[in-house]
Structure formats: C-alpha cells, structure tokens
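For this one, chain E is given, so just place chain W on it according to the hints.
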Amino acid sequence: MTEILHHAWLGILAVLLGDPLFALGGYGVSAALVMVAAGFVLGVAVGATPGLAGPMAMAVSLPILISVFGFGSDALLPVMGFLIGVMKGATVGGAVPAILFNTPGTPDAYMTALDGYPLTRQGQAGKALRVAHFSSASGDTFSDLVLILCAPFLAVGVERFLDLPEKTALLLLSLAFVSAAIGGSVGRGLISTGLGLLVAYVGTGLDFHPRLTLGIDDLADGFAPAPVILGVLILGEVFTRFEGMWHARRLRRTPRPVHQRLAGRLTRQERRRLLPHIARSALIGTIIGALPGIGSTLAALLGYRAGRMRQARALRARAAAGAMDAGAAGKRADDRVPFGEGAIEGVAAAEAANSSVVGANLIPALSLGIPGNVAAVFLILAAETIEGFNPGPTAFRTSPGLVNPELVIVFGIFTMMMLANAFNWLMGGSMMRWLAVLSRVPEHILMPFVLLLTLSGIYIQQMRFSAMVIVVLFGALGWGMRRLGITPLPFVIAYILGDRLEDTARQAFSATGGDGLFLFSSPVASLLTLAALTVPAVVFWRRLRAPGETKMGPAM
Amino acid sequence: MSGPSQPSGRSGPPGAFSGADAGALAGRHDATPNVRGGRGRSRLALGLATLLAALLLGAVWVPADTQTGILQYARRQVMLGDAFAPLLAAAVLGLGGLLTAFERGASPPTGVMRAGTEGGQGARKRALFVLFLAATLCAAALVVVWAGPVLLGLAKLAGFPVPEYRALRASPPWNAIGFVLGGGGMVAALIATFEHRLSWRALGLGLLMAIAIWAVFDLPFKHLLLPPNAAP
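The listed protein sequences correspond, in order, to chains E and W.
In this text, residue positions in the first sequence follow the numbering used here: the first is 649, and each later residue adds one.
In this text, residue positions in the second sequence follow the numbering used here: the first is 828, and each later residue adds one.
Bound conformation, chain W alone:
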C-alpha cells in the first residue's frame, strides 16, 4: 500500500510517477554504492540484532514464560507442548536474522530505509518526529478524556447549576465535546505541522472532520460510543 511515488524528473505535476519508478518496481533501483557501505552495515546490524533477540526468546523468554515444554505427556499420550509454537517463531526469526546479515543487495520494499546512511542529522530528525507524534497523540488523548469534565467544572465555577459529568456524558453535547476537541485538535495539529504554519483553515478542517465522524456514528447509531464515552 505504498502511496504515490517520490518526485521525479519526468514532465508532469510534482510528485508524479515516471518510467524510472517502473524500473524500481522491477527491483532495479537497489544497486547503489550504499549497499556495500552504510546500508550494508545497517543490514548486518539488523540481522545480528534479530539473531540475538531470537536466541534470547528461545533460550530465556519461552522457557520462563510457558508451563509446558516442546513435548508434554498427558493421559499416557505424547503431545506438542505450549513451548513448541513460540520456539518455531524464534527459529523463523533467527533464520531471518541470519539470512539478513548475509544477504547482499537486498532492497527495502518501500524505499524508506535510510537508517545508517543519514548520519546524525537524520537520526535527530527522526527522533524529533517520534517525540512530536507521541506528544500529539498523548495530548489528544488527554483532551478527549478531560475536556468534558473540565468544561463542566468551569461551568460549575461560573455558577451554572449543572449535574455531575457522569450523568451527562451520554447526552449531547457532552458526549461529543471530548472527541471533537481532542480528535479535531489532533488532526489540526498534524495538518498545521505538515503545512509548516498555524492557520484557521487547519483548525477548521480538524474540527470539521471530528464533527463529521461524530455525526456519522452518533446520530444514526445510538449504541455506538465514541471515545471516551465507553470508558468505565
């Protein structure tokens, strides 16, 4: 399900597909010097790390976390035990690691692998991306869970006679506030980040998408509950 290809030199709109990409589909794009350099090293590292993980899995985790071994005896019959299948998984992993370590010129299928060839700057950028995404998802989850109770608390502080949140959270608009603010805010933050600018358009699109999803689920299907309404 890889998406549209990377920008190419062929005439046409930016991001368009070219004959070179067709060549890449046939697997001819990987004969690059990197194969012997950084990419070769990262492949060796991946292979050996997987091999080590497989050994730990087979020698430590599986024996420690399964009650029966590879074989078990019950009612005077010998059967395959619970450790058999995980050990098979460990064996497949280990074989994969071993082959990866010794494979030459194998290309990543999606063309995204640049680990080991990007240098420190690429790693920093990637770490920043992971942090940004994790922070966005956590912030969105917090807003989804707390937006309703906080707004209700503020209404109480302002002197409005409102009941407890628990009594209200199944009815509109309280059943939508958390989802629309948290979900819409997450979408808006992502759009704004990728556009490299804050804009009312991004915020509007985010809220609109969240409201659309809420309307599709909540209006016709009363038994479907959006986050956080099913939480105990």
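One chain only, chain E, in its complex shape:
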C-alpha cells in the first residue's frame, strides 16, 4: 500500500512540478497544468459548437501536440493532459447548444435538449445551463473517483489471476462485445472488427518477409496508426457530413441568438432536489461507461428514463396527497414539472449520466489497455506514439524499493483528471455561458476547416505527402462504412488491439506447448472464450426475434 501511495505522490508531483512551460512571478508553471487548462477551454468551445465534438478535437490536436512536444517520455503528461482537458470540456460544453438552440453539440446531449430547450423557451436558459454544469461536473467527478479506486485493483487482479491463455480470451471477449454492442447490427459490427484486424496485420508478422503487402514496399512497415484512425474516424465523418450538405437543397439556418440574460442562480433547495437524480444517473453512467464500446448516449437515455419514472411517481404521489388535503388542492408545493416540459431534474438526469461515462470509460483503457470509446482510443494512440507508457496491467506493477515510471504516469493522469474537474467546477459554468456564441457557427464552414486542419496535422507529424493520401483513403473507407451502416469504432478498436491479440495468442500457444485448444486450457480461459462466442450469438438471436430493441447508442 505504501508503494502505491508513494507512486501516487510522485504522480501528483510530476504534474504540478513537471517541466515548466513558462515562468510566472519567478515560479515555473508546469506544462501539464497549462495543457490541462488549455485543453479544457478548447473542449468547452468544441462541445458548444454543433458539428464538432471532443473526439474530433482530440484527433486533430494529437498529431500537432506530438509534433510540438516530441516523442520522448517528457511529452506524455502535457499531451495526455491536453487530451483529458478536451475530453472533459467537451462533455460539459455539449449541453450549451442543446439547451439554447435545441441542437445538441454532441450525441451525449440529445436527452439534455428534451428539457433544456423548453426551459430556454420559458426564459430560464441561465438556470438550465447552471443545472447542466452542476450535474455534469458532479457526474464526472464521481466517475473519476470510481476510476481511481477501481482501475488499480482491476489491473492487479488481471495481472495476478490471468495467464496468457486467459488474456487472449479476454481480448477476444472485448472484441466480441464491442462488435455486438455498438451500432444496430452484430453482422456489421463483426465486419468492422474484421476489417480493423486485417489492416492491423498488413506489413507485420514475425517472418522477415512482410505479409499482406501485395508487393508494395511502402506497406512493409504496415499502416501508421495516426492516418488510419484519423482517416476512418474523423475524415470519414467529415466526408459523411459533406455528403449530407451536398444532397441538402438548403443549408440549415444559423440559430438566432438567445435574447435573454444567462443569469439565474440555483437555490439550495433546488440543488438538494437535483441530488437524487444526479446520484442515480451518475451510477448508471459509471456502470455503462466501464463496459467497453457502450457510449454515453445510452447512459443519458437510461439515466433520463430512470429519472422520468421517478419524477412521474413523485408527481402522482403529490397529486394524490393534494387531493386529500383540500387546503393544498391545486397548489404546488414546489415547481416540479413532468420530464419533457422543462424539468430541471431532466437536464440533471441526462447530464449526470452522460458525463459520468467519461471517467469510467478509462477503466478498461488504463487497466487492461482496451479502449472503450473514441476518447480512450486517442489516449491510447497518444500512449502508443509517445514512448514510456503502455496502458494495461503491467503499468500497475510495483516492486519494493523500485519506482515504476508507468505507474507514476497513471497517477499523473488521475491527477490531471481531478485538475480538469477542478477547472470544471471553478470556471466551467462561466465558460459555458461565454462560449454560447459558438453554437451559431455553421457546419458548412466548420467541416472544411476540420478537413484542412486534419490534413495539416497529419503532414506535420508524418512529414510525408503520402501520409495525407493514406489518411484520405482511410477517410473514404470510413465514409463508405458509414454509408453501409457499418459503425467505425469496432474497426478502430480491433486495429489497436490486433497486434496485441496476435502476440498474446502466439505466447499462449507456445507456453501451452503448442496446444491447439489453449483457449480452453483453464476454467477461466474457457469461460471467457465461451462468453466471447456467446455474446454476439445472443445479441444476434435477440435482434432476430425482436428487431431494433437491443440497439445501443454509438460510443462516439
């Protein structure tokens, strides 16, 4: 335990007293600290801009950050800090256009609009924004605390109890779960996963002769991660939006500005009234976030539904009590209204749920190295590109008297997450109101800008014109996948895990003496393998019997 606390302290110091970016009053200000704050500001801005989203900003920023800070281990905390800031800022910023203009900035904010926009129409936009901020910051902080408490135990448990066959089976289970859970089709999820694995295996392998290159020398080292991931996730999305605008006869009009003061404080009584909704939704969001591949959209939906049932029950109970009490008949004890009609509880339930996914999503990412959503994909991509940190169980190893630099980085990440939460609590609410103006930037101006920025970022990092060609080709693949209803996230997760799956399987096969049934060599491995086979089969069967009922929201 003292080892862990020692590493935690080193992690905190690494963030607060790390390499200074500039001096203020004779004291150096740590680069990581500055980058968390900068990322948070950018995150709120992109979250508040419909059409942009946190993952898009993370994707565009990553090659630029790596070019600026370099590939050395000193770059890890500033780069990760910026990405974490963006991730958290975008989560809270997404509520702004949903509340003010009924145009959710991120899919996570869809449910927020259901009560947030009616509040704006009632002249209570300021109060709605405050509720969103209070709930989002609460949910996010709760989720981060769960991450900090759970991730080390999960990682240590995996390292202690799972051997190579079990780890191979766990990776298979993750891929199977992601294929089955994301999007509306198990078949298309598996196609996406298969394509991701295929791309991961181009140009790699143990043999001297690189495989699957079709004789093209440039493919001998495989595809670099940044062009593949940015192409499929970001340019694929940009091209899809382009196509939507190409087909549209008229562009969407820019929302008119909201002519009302964005003031309106929350009373203590109102905060107390919101707390049960926030707590319930935070729990739902955290549980959902811990499962790889299931996004915050589903969390918001479930949190909102649970809150709506609770509110309806409370209103029925109050109506019944009011009918019995003649003095109180027709008079409300407070201003509670049903969900969908401008209930502040509705905003709170949706925002707390979608925000609490953020931290929990990093539980599988940090402890197992398995990215659960797009934001985690970019954190893992950053870790893979910069030397010195490999997310997974080995990062949590401790030895008496020795310092594990990877564990220091893990606690540095936890520290930066809590710092971002502090920024959120201190200035998130004000920034939401200041940056509300960005909600009016039209998509047809933003998307070409994102395209140019992405291409520039890739060129700056890779220093090759061919990298831009590759990112465009993978963008075309991402667009084609979306056209065919194939969600791209399983592709990216499979691409990231592909090499690890092969390495672990090779080692497991050799360690079991060439046993062809190594995935069934122990009860735990058998259980995980059977689960990997069963999950897609069960989801497929359920959808076959009741089409459309088990769809889970996209994780991006």
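Hints may be right or wrong, so weigh each one.
[What the hints assert, rightly or not] Residues of chain W placed beyond 12 angstroms of chain E at every Cβ, according to the derived structure:
#	residue
1	A901
2	V977
3	G980
4	L981
5	P988
6	A994
7	S998
8	P999
[Unchecked claim] If you want a taste of the chain E side facing chain W, the calculated C-beta under 10 angstroms gives, among others:
#	residue
9	V794
10	C798
11	L802
12	L812
13	V1120
14	S1158
[As the list claims (entries may be wrong)] Partial selection, computed: residues in chain W whose CB lies under 10 angstroms from chain E:
#	residue
15	S869
16	R870
17	L907
18	L922
19	G923
20	V972
21	E991
22	N1002
23	M1013
24	P1047
The set of hints was computed from the structure by calculation and includes no laboratory data.
Keep in mind that this is a model prediction, so the values were computed, not measured.
Here a beta-carbon is modelled for each residue, glycine too, at the ideal position from N, C-alpha and C.
Chain W alone, transformed into the frame defined by chain E:
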C-alpha cells in the same frame, strides 16, 4: 460522433432535435417497410459480398502473401505462423458477412444508409459527390505543390532576379504560398459548393483559415513544416 440530427417537426430552430430522435436513439426507428424491400436486398448484397471477400482473403491472398502458414516449426518448437492472424481476420469478416446476410431489421447506426433505396438518381448524385470531392482534393494538392514554383517562375519571366525555389521554400512567404493558396482554395471551394453560390466571403474565409493555421504552426514552431515544405 454523429452530429446534429436531421430536421424534425418539433418547434424550434431548423435542424433542431425532437423527441422522435430520442426514440430513434432507443433503436425504434428502423421498423420501416424498406427493411423487407430495398434495404433488405442491399443488406443481403453486403453480406454476400463480404463473405466472398473473406473467402478470397482466406483462400487466395493470405496463402499467397505470407511466408509462413498457420503453424510454423522453428528450433524443434511449434509456433503460430504469420498466416494465423490474417486468417482470424478473414474468419471474423466472413462471419460478419454471413450474419449480415441473414439479419432482420438491423438498422444502420448513423441513419445515413439509403443504398439500394434511392434509385438511380441517388446513385448518380453520390457518384457526382465522390467525383467532386476527389477533384477538389487533387486540385488542392496540385496547387499546394506547384503554386510556389509557378509563382517564382512567373517572377523570373517578369525579369525579377530570384534564386531557385529550393533555396527559398523554407522562408516566408514562399513557405506559405502553396499551403495558403491550395488549402485556402480547397476550403473556399467546399464552402461555396455547400452554399450553392460563389462568393468573396467564401474565398475570404478559406484564405483566412489557411493563414490562421499557418500562423499557429509556423510562427511559434520553426521546426514544424506545413505542406509541401517537408517533401524531398
């Protein structure tokens, strides 16, 4: 990362989100007649095409383009060969194709799939879109690469004493000309296309964005090179 929803009937600004979209999030929007019609056919086609591709991958490409098989023997030990993992990918692809072919009522996650239900006009529009985008990107790349040398050539023709482009391309404004004209032109062309009209505003916005990106990268970070300056 799907963006704002499609226009809906609910009160509010155009393009706003409605309760119906919330229903769609729960996966209830796909029970349409198209499922059995055009969409069903396109799903079958996608499934069978993927299955065929997986078979070709497993039976032709992988054996032809890997040096070791599923298993290999080295130093009296049996190990997994380089063909094992690609064959696993082929198997996953094939299974995905098979399930897609037989899946009923599965909905696309982003709501963009209309293949097979749009008729010839939709396909023509899509082909035009692809051509437009490809042409815009290629034209922008050409301008990025050639704008600097061409301008320098013109300056030479006009009699100005200028050195070779290679000697100048790392210094302003020559290190920015290609990027600003090509990148800015691409952004302007896209904005103008989506607005369905040519305008000075679109051109101004495009150039402004390109100059902003150049300023952010080039002024503070001298080691960062924008296109085409790192090209050999």
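Taking the hints in turn, this is what the structure says about them:
no.: 1; hint: A901; result: violated, 9 angstroms
no.: 2; hint: V977; result: holds, 18 angstroms
no.: 3; hint: G980; result: holds, 21 angstroms
no.: 4; hint: L981; result: holds, 24 angstroms
no.: 5; hint: P988; result: holds, 30 angstroms
no.: 6; hint: A994; result: holds, 20 angstroms
no.: 7; hint: S998; result: holds, 18 angstroms
no.: 8; hint: P999; result: holds, 17 angstroms
no.: 9; hint: V794; result: violated, 25 angstroms
no.: 10; hint: C798; result: violated, 27 angstroms
no.: 11; hint: L802; result: violated, 26 angstroms
no.: 12; hint: L812; result: violated, 12 angstroms
no.: 13; hint: V1120; result: holds, 6 angstroms
no.: 14; hint: S1158; result: holds, 6 angstroms
no.: 15; hint: S869; result: holds, 8 angstroms
no.: 16; hint: R870; result: holds, 8 angstroms
no.: 17; hint: L907; result: holds, 5 angstroms
no.: 18; hint: L922; result: holds, 5 angstroms
no.: 19; hint: G923; result: holds, 3 angstroms
no.: 20; hint: V972; result: holds, 8 angstroms
no.: 21; hint: E991; result: violated, 20 angstroms
no.: 22; hint: N1002; result: violated, 13 angstroms
no.: 23; hint: M1013; result: holds, 7 angstroms
no.: 24; hint: P1047; result: holds, 9 angstroms
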